[in-house]
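Novice: For reference, the chains in residue letters:
There are 2 protein chains.
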Amino acid sequence: MHGYQHEDLSPDELARQEALYGPFTQSVRELADATLRTTVGEDDLRRAQAEVEAITARLRASQIDGSYGVRYSSDGGTRPWGNAVVGLRNPVAPPLDFVRDPEGRATSEFELGATYEGPPGLVHGGVSALILDQALGEACGAGGRPGMTGGLTITYKRPTRLGKLRCEAWIAERDGYKTIARGTIGDADGPSVEAEGIFIVPKWARGLFDQANQERPDRFE
Amino acid sequence: MHGYQHEDLSPDELARQEALYGPFTQSVRELADATLRTTVGEDDLRRAQAEVEAITARLRASQIDGSYGVRYSSDGGTRPWGNAVVGLRNPVAPPLDFVRDPEGRATSEFELGATYEGPPGLVHGGVSALILDQALGEACGAGGRPGMTGGLTITYKRPTRLGKLRCEAWIAERDGYKTIARGTIGDADGPSVEAEGIFIVPKWARGLFDQANQERPDRFE
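For the protein sequence lines, the chains are A and B, in the order given. Per this note's numbering, the very first residue in the first sequence carries number 1; after that it's consecutive. Per this note's numbering, the very first residue in the second sequence carries number 1001; after that it's consecutive.
Partial list, derived from the structure: chain A residues whose beta carbon lies under 7 Å from chain B:
1) Y4
2) L20
3) T38
4) V70
Cross-link-like lysine-lysine pairs, in silico, BS3-like; alpha carbons within 30 Å at most:
5) K157/A / K1157/B
6) K1203/B / K1178/B
7) K157/A / K178/A
8) K1178/B / K157/A
9) K1164/B / K203/A
10) K157/A / K1203/B
11) K203/A / K1157/B
12) K178/A / K1157/B
13) K164/A / K1203/B
14) K203/A / K178/A
15) K1157/B / K1178/B
Please keep in mind that the hints were generated in silico from the structure rather than gathered at the bench. Nothing here was measured: the structure is a model prediction, and the numbers come from that model. Quick reminder that beta carbons are idealized off the backbone N, C-alpha and C, glycines included.
Turn these sequences into a full structure, and let the hints guide you.
Specialist: Structure representation (structure tokens):
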């Protein structure tokens, strides 16, 4: 298992990796969508499967042992490229790209297709919960209050249609090591799902948190 | 967009489709995992991408217009093969296979790998919410009280490790068109995440629901 790994990349190397892994991962997302929607015949499908298995075998000839983890650099930047919601290298992630505001706000515009379906034509209610958990955490992180989710309450106001969506989250309350964040997901007709979550600074990170708090108290209270 | 579609398949045809689509979809799940974890060089990655794009183009030569929807047969069986949690044909779904008990209980044992990660080595908190939403809905459906999620509350007791997991959900309260379900996800050390959800019979389904309720009142109150 890979944890929080320190790995500095030059700006050029970072740009090279993003330009390489981003499009490759996107091609596998497209394949996943086509896998679900295709109506080609049995022979075509079996041939596709054999080819997919051959590609996988070649990729696995050299791979990391477990999960990707989170890589961070000396400037404080992180690369959660395996993350199930925002991971640049994760074909299961839509992925979302959040605009983060240091006041403690995160917003994202994105599109969800057939692979995120629950009821016909609608976003799976659990997918909305998945995305809101990440969004609320991003808002906390943006506001200098990163934490693990302690609890999450989701309220479904109406169904959310697959297609173009918008997600928005913000810090609502700051209380010591606890932060309460709220957020919404919506389609063209406005917000359809609301969330409130409590995020807690993990014990191992509290020293760092206290230090940052002393240096920039305005960011924390 | 495809909705609830009536489509009867003979048992043989159903078995044929499961044996065809199940392994093909699984091969794409494996590719997604390898895509995230591979460390092969740039040339190998670009070659893989070109091949993936070619396969996708062939699959898309004949495909349904929008999302998969839910197919149902005259015997009442459903095939939610596009579902983001349980979909047999959805490479984004783990997928989970629930054992459903007509008393209103659903359980599943499954494994989550690198593509479901949040913090390093741990299941993304939102993935737990995604799975629990489905599990609670499965319990309601199993107990003859299908519904749309109205609200969901998730409590994270401790982190959940990637690997072998168990999910369990059950009906806690029945009240007219509303059902309250509860459930847990856990790893080898027992339950780590708890959920409670309220599920509501959609307006368009209430006639059917009332009819079933009259015929078999013991299942509903």
